[in-house]
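Chemist: In case you want the letters, here they are:
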Amino acid sequence: MSLIYVLDLCAVSVCAITATLEARRSELDLFGVTVIAVIAGIGGGTVRDLLLGRLPVYWVYDASYVVVGLVAGTLTFFLARRLVLPKNFFLIPDAVGMALFTVIGTSIALGLGTPSLVAALMGVITAVFGGVIRDILCNEVPLIFRTDIYATASLAGAGVLIALDALGIGHNAAVLIAMVGTVAIRLAAMRWHIQLPRLRDEGAA
Amino acid sequence: MSLIYVLDLCAVSVCAITATLEARRSELDLFGVTVIAVIAGIGGGTVRDLLLGRLPVYWVYDASYVVVGLVAGTLTFFLARRLVLPKNFFLIPDAVGMALFTVIGTSIALGLGTPSLVAALMGVITAVFGGVIRDILCNEVPLIFRTDIYATASLAGAGVLIALDALGIGHNAAVLIAMVGTVAIRLAAMRWHIQLPRLRDEGAA
Amino acid sequence: MSLIYVLDLCAVSVCAITATLEARRSELDLFGVTVIAVIAGIGGGTVRDLLLGRLPVYWVYDASYVVVGLVAGTLTFFLARRLVLPKNFFLIPDAVGMALFTVIGTSIALGLGTPSLVAALMGVITAVFGGVIRDILCNEVPLIFRTDIYATASLAGAGVLIALDALGIGHNAAVLIAMVGTVAIRLAAMRWHIQLPRLRDEGAA
Numbered sequence: 001m002s003l004i005y006v007l008d009l010c011a012v013s014v015c016a017i018t019a020t021l022e023a024r025r026s027e028l029d030l031f032g033v034t035v036i037a038v039i040a041g042i043g044g045g046t047v048r049d050l051l052l053g054r055l056p057v058y059w060v061y062d063a064s065y066v067v068v069g070l071v072a073g074t075l076t077f078f079l080a081r082r083l084v085l086p087k088n089f090f091l092i093p094d095a096v097g098m099a100l101f102t103v104i105g106t107s108i109a110l111g112l113g114t115p116s117l118v119a120a121l122m123g124v125i126t127a128v129f130g131g132v133i134r135d136i137l138c139n140e141v142p143l144i145f146r147t148d149i150y151a152t153a154s155l156a157g158a159g160v161l162i163a164l165d166a167l168g169i170g171h172n173a174a175v176l177i178a179m180v181g182t183v184a185i186r187l188a189a190m191r192w193h194i195q196l197p198r199l200r201d202e203g204a205a
Numbered sequence: 001m002s003l004i005y006v007l008d009l010c011a012v013s014v015c016a017i018t019a020t021l022e023a024r025r026s027e028l029d030l031f032g033v034t035v036i037a038v039i040a041g042i043g044g045g046t047v048r049d050l051l052l053g054r055l056p057v058y059w060v061y062d063a064s065y066v067v068v069g070l071v072a073g074t075l076t077f078f079l080a081r082r083l084v085l086p087k088n089f090f091l092i093p094d095a096v097g098m099a100l101f102t103v104i105g106t107s108i109a110l111g112l113g114t115p116s117l118v119a120a121l122m123g124v125i126t127a128v129f130g131g132v133i134r135d136i137l138c139n140e141v142p143l144i145f146r147t148d149i150y151a152t153a154s155l156a157g158a159g160v161l162i163a164l165d166a167l168g169i170g171h172n173a174a175v176l177i178a179m180v181g182t183v184a185i186r187l188a189a190m191r192w193h194i195q196l197p198r199l200r201d202e203g204a205a
Numbered sequence: 001m002s003l004i005y006v007l008d009l010c011a012v013s014v015c016a017i018t019a020t021l022e023a024r025r026s027e028l029d030l031f032g033v034t035v036i037a038v039i040a041g042i043g044g045g046t047v048r049d050l051l052l053g054r055l056p057v058y059w060v061y062d063a064s065y066v067v068v069g070l071v072a073g074t075l076t077f078f079l080a081r082r083l084v085l086p087k088n089f090f091l092i093p094d095a096v097g098m099a100l101f102t103v104i105g106t107s108i109a110l111g112l113g114t115p116s117l118v119a120a121l122m123g124v125i126t127a128v129f130g131g132v133i134r135d136i137l138c139n140e141v142p143l144i145f146r147t148d149i150y151a152t153a154s155l156a157g158a159g160v161l162i163a164l165d166a167l168g169i170g171h172n173a174a175v176l177i178a179m180v181g182t183v184a185i186r187l188a189a190m191r192w193h194i195q196l197p198r199l200r201d202e203g204a205a
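Residue numbers (my numbering), protein chains in the order written: chain X, 1 to 205; chain W, 1 to 205; chain D, 1 to 205.
Pulled out of the complex, with its shape left as it was, chain X reads as follows (with noise of 0.2 Å):
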């Protein structure tokens, strides 16, 4: 248990740290790029508590999620003026932290009892809504919705942990497998530029 939340808080911090480079391009002053930090870090689970009566949400008796994330954000904020960073820098950090938040939202369903397809959504919400409220605060369409297979990997690492379990080996190793997985998926779905069908295809319009 230690052990995932201390990679718990890290992935909040990766979220805030890609949030706040990403709100580069948008004209926010420090306070609105820290706000935006801290929801992209905290936001997904935020809204799985909020959906499953899991209420007050997580961080409101734990400030550390908070502070790692205003933190991160801030730093980021004054590094990124003088800090160029390689564009893929924060790749395997971020699908990672994506993975972790995948299964971290899965289990906490399945812990309530909830149906199998639902606790595959609250993982996949936990680790994406974060980056879909950062979007819309951002005034963009959030960019799960348009591009690669971010989200789609999210869900086959929940279905993994979910067929895992019922299969009824150990909950640990259903864990680590399934976040293996939605790594493996995430990283070569970008290397080899895997994409879902869009509604308007090029050829067609």
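Don't read these hints as lab results, they were simulated from the structure.
Hints are supplied without guarantee of correctness; some may be wrong.
[As the list claims (entries may be wrong)] Residues from chain X that face chain W, not an exhaustive set, calculated with beta carbons under 10 Å:
1. Leu-52
2. Leu-55
3. Ile-144
4. Phe-145
C-beta atoms are modelled at their ideal positions from N, C-alpha and C, and glycine is treated no differently.
Given the coordinates of chain X, assemble chains W and D onto it according to the supplied hints.
Modeler: For chains W and D alone, coordinates are given in the frame of chain X:
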């Protein structure tokens, strides 16, 4: 109750179908379209449940709503590439679904003993917030704030239901009359282009 | 308590009025403007109640908040077509309302025993999220993320309240000092155009 349940699922699927058709304009992939379809179908009731504290929200322990939304959205996604439907094909199902969501939301709030105004609001929220969230995710000003009297028809239906309930006629009769009234107002508004006043008139500017 | 209640309703109406005036730019109809006015007035406290699990949210069993928002929004809608107010007419009422929302939100969270940082956040959320949701619905990047130190003034006020409370001076005195401080920072920031740093400086680019 069983009839209401079936009609409710039908209304969810109509919302999912129309959301998928509207999402055609944007450059969403299959995942994005399906998520928006499901959210359009269950978003209104979800917001209502959150505000009223009916948690977990209604679809957490009954996955049928999500399944219906997913199936309707996915089928429409693939059919929409082939099939061109007349523009007004879903106007009547949509009006009926909206009326049904209105009476369900209002009835739930009345059952919890909220003030009449709040009960009417909950009816409107159930009927229109799925569409509001859909439009926000598609980065558009929500349609219901801009055009004709969609939401006003819902508000009128909620008012009729509350008034008839207060008069002591049976709840089922009240529900039926309110639904017919809502659909009638909605269709009349479309037929004769009845609109609410706007802040900036075309004449004035 | 009664004074706070009256002031709270006044703050809701100020939010509703300013939201209606701002909505003039978009092409909303009467329904859309009124809904956005009400949401601007009660949205912040609603998000706070959801996150803290104080459900149903505060306006469900006391319709006065919704009534005040509706009346203020509707009156402004019709008056705004006739009357042109000086641009700064609502700056001071708005600053006072923001300060009041801040101390109410912070006090509620402190009363629930949340960590200080979270209590301060709840004050800021109560003060600014009505405007955030208003801007999202109008399809704009929320104003508070872009301009001057509106939210920062709220955060400072929450910090003052928490510090004074911790020092053990009476809660009423702490509330009063925090509110005066918040209003002073807000008005000073507007008078002397104090701004937070931005990611993309005009000089750099």
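Chemist: Hint by hint, note whether the structure agrees.
Modeler: Structure-based check of each hint:
1. The interface hint given for X/Leu-52 holds, since its Cβ lies 5 Å from the closest Cβ of chain W, which is under the 10 Å cut-off.
2. The beta carbon of X/Leu-55 is positioned within 10 Å of a beta carbon in chain W (closest approach about 7 Å), and the interface hint is therefore held.
3. Restraint check, X/Ile-144 versus chain W: the minimum CB separation of about 7 Å is within 10 Å; hint holds.
4. A hinted interface residue such as X/Phe-145 counts as satisfied when its beta carbon comes closer than 10 Å to some beta carbon of chain W; here the least separation is about 3 Å, so the hint holds.
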